[in-house]
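A.B. asks: Each chain is listed here by its residues.
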Amino acid sequence: MENSRRRFLKNAGFSILGVGAGSMLIGLSAHTSKAVSPDAGQRPQFSMGDKAMEAERWGMVVDTRKLNDSICRKMQEACHSIHNVPEPVGESAQRDQIIKWIWPTEFQHAFPSQEVEFLAEDAAHRPVVVLCNHCDNPPCVRACPTRATFKRERDGIVMMDFHRCIGCRFCMAACPFGARSFNFRDPRPDIEDENPDFPTRMRGVVEKCNFCAERLAVGKKPACVEASDGALTFGDLNDPDSDVRKLLAEKYAIRRKPNLGTFPSVFYIV
Amino acid sequence: MNDKNKIITGLVIFFLVVLFPFWFNLIFGAADASTAPEPELTEKAEKAETCVAETEHMRTEHMQILDQWRDTVVRDGQRIYVAENGKEYDPSLSNTCMDCHSNKEKFCDRCHNYASVNPYCWDCHTYPEETE
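Protein sequence lines, in the order shown, are assigned to chains R and Y. So for the first sequence, this note's numbering puts the first residue at 1; every next one is plus one. So for the second sequence, this note's numbering puts the first residue at 271; every next one is plus one.
Only chain R is shown next, with the shape it has when bound in the complex:
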């Protein structure tokens, strides 16, 4: 009896050894045959390209004194048309389901913490254009459970990866500026002229301004800046010689809800 147990253990040990050695040999032979295969040429590589505009922290200065309704409309049209933002009409146009990346609002709504008792007449009625602030300390990024919203460390843009968004809308609750919109329904039927160069979204994802990251990559300024007739200035906030920093050094500018500590990258000259 004792003898047979001993034999069993011995056999089992040799079998394990044999299987292990065999699989190792197979693995080795597969490895060598792969290395020999004619996989010529260098491995594929990615790069930024020469045309890309780069900065440490992209920022924007909005000169509200130069804004009027027609410029605001022009900027919104420029942005929404190239980014395939749906403009629902008729029945589907419910006010709480509108999708917007950039839109005009009033002074007291843009700056609720700026308590001005006797606001100048022209400031009170002038439109203020608002968009995602691309905060330096973005609360939406911390709220996102899938990291679909993230801050690009290279240039400070708060971006969305629509592939990853699960539509939980935590980011919308976290954003104090209401810069995010949710696709309650398939946006495609509400897009008039689809821009084939930019994807649309699907039902159930959140979207917002991306500071035209896809345009910066080919050396173009954001679409709203180009359409703004000089009301918007775009540049690197970390570069003291940039247009935005020069403007900020000259003019007094405020940011939206500074007391929340999100450090917006969009400044307003009022």
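No lab work stands behind these hints: they were computed from the structure. This one's a predicted model, so the numbers in the text were calculated from it and none came from an experiment. Mixed in with the good hints there might be a few duds.
Said to hold, decoys possible - Stretch by stretch, here's where chain Y covers chain R in the computed footprint (C-beta under 8 Å, at least three residues):
hint	stretch
1	47-57
2	195-203
Said to hold, decoys possible - Some but not every residue of chain Y turned toward chain R, in silico, with C-beta under 10 Å:
hint	residue
3	A306
4	W339
5	D341
6	T342
7	V344
8	Q348
9	R349
10	V352
11	E358
12	P361
13	S362
14	N365
15	T396
Every residue gets a Cβ at the ideal spot worked out from N, C-alpha and C, and that includes glycine.
Given the structure of chain R, go ahead and fit chain Y onto it with the hints provided.
C.D. replies: Same frame as chain R, but now just chain Y:
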């Protein structure tokens, strides 16, 4: 072994039932199901001769390449792809892939339908409408 006949009959019936999908397919489904469809190339794709990688590689790995493109473009912001053959490409499904392979129905869908995979690319990305 008194029930030899019963047992053998039972076994035959059992295996016939268990192997139903195989023999059914062999006899009745051979014409359409067992031959894989060939994706059709457009004139432009044929003229280009090579895709961003060799055909065999593209056939088996195009989904991994697309995933890698997606992540690198969206998350790292790198929008130039230098392929193995040294050529530069814009890593974009709608603008690069669909530029040559503009026949989605005959290029993408054929195999995807055959393999019963439903990639959700087209929920958001656009493809050229087939004009014919």
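A.B. asks: So, for every hint listed, does it hold in this structure?
C.D. replies: Verification of the supplied hints:
| no. | hint | verdict |
| --- | --- | --- |
| 1 | 47-57 | holds (count 4) |
| 2 | 195-203 | holds (count 6) |
| 3 | A306 | 24 Å, violated |
| 4 | W339 | 9 Å, holds |
| 5 | D341 | 8 Å, holds |
| 6 | T342 | 5 Å, holds |
| 7 | V344 | 5 Å, holds |
| 8 | Q348 | 4 Å, holds |
| 9 | R349 | 5 Å, holds |
| 10 | V352 | 5 Å, holds |
| 11 | E358 | 8 Å, holds |
| 12 | P361 | 7 Å, holds |
| 13 | S362 | 8 Å, holds |
| 14 | N365 | 6 Å, holds |
| 15 | T396 | 5 Å, holds |
Of the hints listed earlier, the one the structure fails to meet is number 3.
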